[in-house]
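Just so we're aligned, residue 34 is where the sequence shown starts under our numbering, counting upward by one.
Worth flagging that the hints you see were computed from the coordinates, not collected in a lab. Possibly wrong hints are sitting among the right ones.
Distance condition first, Cα-Cα at most 25 angstroms in a straight line; then the derived SDA-like pairs of lysine to any residue [to be verified]:
id, residue 1, residue 2
1, K264, Y135
2, K48, P166
3, K235, V198
4, K264, Q113
5, K61, Q200
6, K48, V86
7, K118, Q265
8, K61, A47
9, K235, G83
10, K210, K118
11, K118, V268
12, K118, I270
13, K192, Y135
14, K48, A124
15, K61, N76
16, K278, N76
17, K264, V75
18, K210, E199
19, K101, A204
Since we're looking at a predicted model, the values are computed, not measured.
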Amino acid sequence: MSTIELAGSQYLYAKPEALHSQDHAELKYVDDGQPLAKVGAVNAVPLLVGEFVQAMHYFPIVFGGPEKTPMAILGLKEGQNLFLKDGRFEAGVYVPAYLRRYPFTLAGTGTDNFVVCIDREAPGFVEGEEGTPLFEEGEPTDFTKNAINFLNEFEAERKRSAQFVEQLIEADLLEVKHTLALSGDGEQREVIADYYGVSEEKLRALPDAQLAEMVRQGVVTAVDAHLLSLKQWDVLIARRDAVAKEDVEQVEFNN
Numbered sequence: 034m035s036t037i038e039l040a041g042s043q044y045l046y047a048k049p050e051a052l053h054s055q056d057h058a059e060l061k062y063v064d065d066g067q068p069l070a071k072v073g074a075v076n077a078v079p080l081l082v083g084e085f086v087q088a089m090h091y092f093p094i095v096f097g098g099p100e101k102t103p104m105a106i107l108g109l110k111e112g113q114n115l116f117l118k119d120g121r122f123e124a125g126v127y128v129p130a131y132l133r134r135y136p137f138t139l140a141g142t143g144t145d146n147f148v149v150c151i152d153r154e155a156p157g158f159v160e161g162e163e164g165t166p167l168f169e170e171g172e173p174t175d176f177t178k179n180a181i182n183f184l185n186e187f188e189a190e191r192k193r194s195a196q197f198v199e200q201l202i203e204a205d206l207l208e209v210k211h212t213l214a215l216s217g218d219g220e221q222r223e224v225i226a227d228y229y230g231v232s233e234e235k236l237r238a239l240p241d242a243q244l245a246e247m248v249r250q251g252v253v254t255a256v257d258a259h260l261l262s263l264k265q266w267d268v269l270i271a272r273r274d275a276v277a278k279e280d281v282e283q284v285e286f287n288n
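Using the sequences plus the hints, can you model the full thing?
What follows is the structure in structure tokens.
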């Protein structure tokens with residue numbers, strides 16, 4: 034697994050399209066879990082700072098790419114989500130908001146304004162009798178309004194997350210870290226990932242006044258969640274090995 038980065042301005046959205054009451058007057062949505070399954074088979078997704086405490090129980094939380102974007106790591110290689118079962122997230126596993134907002138999203142217009150978009154290729158969208166309409170008599174339905182409200186909440190939290198990362202950068206707390214998978218005798222076996230993480234040494238060396246202010250702002254709570262989440266690398270490695278063993282046993286059984 035190479036250095037973790039995200040690609041594209043609308044990561045995971047195949048065909049972002051501005052939502053319009055005329056263009057999508059007949060469009061409906063069938064919620065059968067297909068859209069989430071479509072985007073679920075990924076190994077990393079952006080994570081909001083407000084999600085850290087929930088996500089730390091399941092995924093390593095790291096910072097990646099040129100903007101040091103917070104991310105939840107779901108697998109150890111491209112296109113691998115180790116928390117999917119039969120195309121869906123396992124029951125009880127936390128699903129990041131970035132995936133839960135799908136197939137809706139907001140796209141910037143070059144200013145501080147945003148336009149609501151959908152992934153037109155999401156399998157949940159249909160035209161016909163079945164499904165929940167996006168518009169009725171030219172007005173957004175409650176379904177669409179709820180989706181838009183979630184997008185607005187997501188955007189507000191995204192801005193707070195960006196401020197959180199900026200504080201870490203300004204305090205020079207981020208450093209490159211490496212995760213290794215070890216063999217049974219403790220010898221190094223492979224480098225699993227390179228990523229940015231908070232330096233505990235630099236955090237402890239901060240002036241008392243600066244650290245106290247970060248505690249007051251909730252920054253240290255999020256940092257603690259990030260640091261605790263790094264224990265989940267071992268869980269991912271164990272899940273990866275279990276899947277590999279299951280695949281081998283299945284091949285042997287079929288033969």
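Okay, the hints, checked on the actual structure:
1. For a cut-off of 25 angstroms, the pair hint linking K264 to Y135 is broken: about 28 angstroms separates their Cα positions.
2. For the hint linking K48 to P166, the alpha-carbon distance of about 20 angstroms falls within 25 angstroms, and the restraint holds.
3. The hinted pair formed by K235 and V198 meets the criterion: a straight-line CA distance of about 15 angstroms does not exceed 25 angstroms.
4. With a C-alpha separation of about 19 angstroms, the suggested pairing of K264 with Q113 holds against the 25 angstroms cut-off.
5. As the CA atoms of K61 and Q200 are separated by approximately 42 angstroms, the hinted pair breaks the 25 angstroms bound.
6. For the given pair, K48 sits about 32 angstroms from V86 by alpha-carbon distance, which is inconsistent with the 25 angstroms threshold.
7. Under the criterion of a C-alpha separation no larger than 25 angstroms, the hint pairing K118 with Q265 is consistent with the structure, at around 19 angstroms.
8. Distance hint between K61 and A47 is fulfilled; the C-alpha atoms sit about 18 angstroms from each other, no more than 25 angstroms.
9. For the hint linking K235 to G83, the alpha-carbon distance of about 23 angstroms falls within 25 angstroms, and the restraint holds.
10. For the hint pairing K210 with K118, the CA-to-CA distance comes to about 30 angstroms; that exceeds 25 angstroms, so the pair is violated.
11. Of the pairs offered as hints, the one joining K118 and V268 holds, with about 16 angstroms between alpha carbons and a cut-off of 25 angstroms not exceeded.
12. Straight-line distance between C-alpha atoms of K118 and I270 comes to about 17 angstroms, which keeps the hinted pair within the 25 angstroms bound.
13. Between K192 and Y135 the alpha-carbon distance is near 19 angstroms, which keeps this suggested pair within the 25 angstroms criterion.
14. A distance of roughly 29 angstroms separates the Cα atoms of K48 and A124; the hinted pair therefore is violated under the 25 angstroms criterion.
15. Pair hint K61 plus N76 does not hold up; C-alpha atoms about 30 angstroms apart against a cutoff of 25 angstroms.
16. At most 25 angstroms may separate the alpha-carbon atoms for a hinted pair to count; K278 and N76 meet this at roughly 19 angstroms.
17. About 20 angstroms separates the Cα atoms of K264 and V75, which keeps this hinted pair within 25 angstroms; it holds.
18. Taking the CA atoms of K210 and E199, the gap is about 19 angstroms. The hint holds against a cut of 25 angstroms.
19. Annotation: proposed proximity of K101 to A204 holds, straight-line Cα distance about 14 angstroms (limit 25 angstroms).
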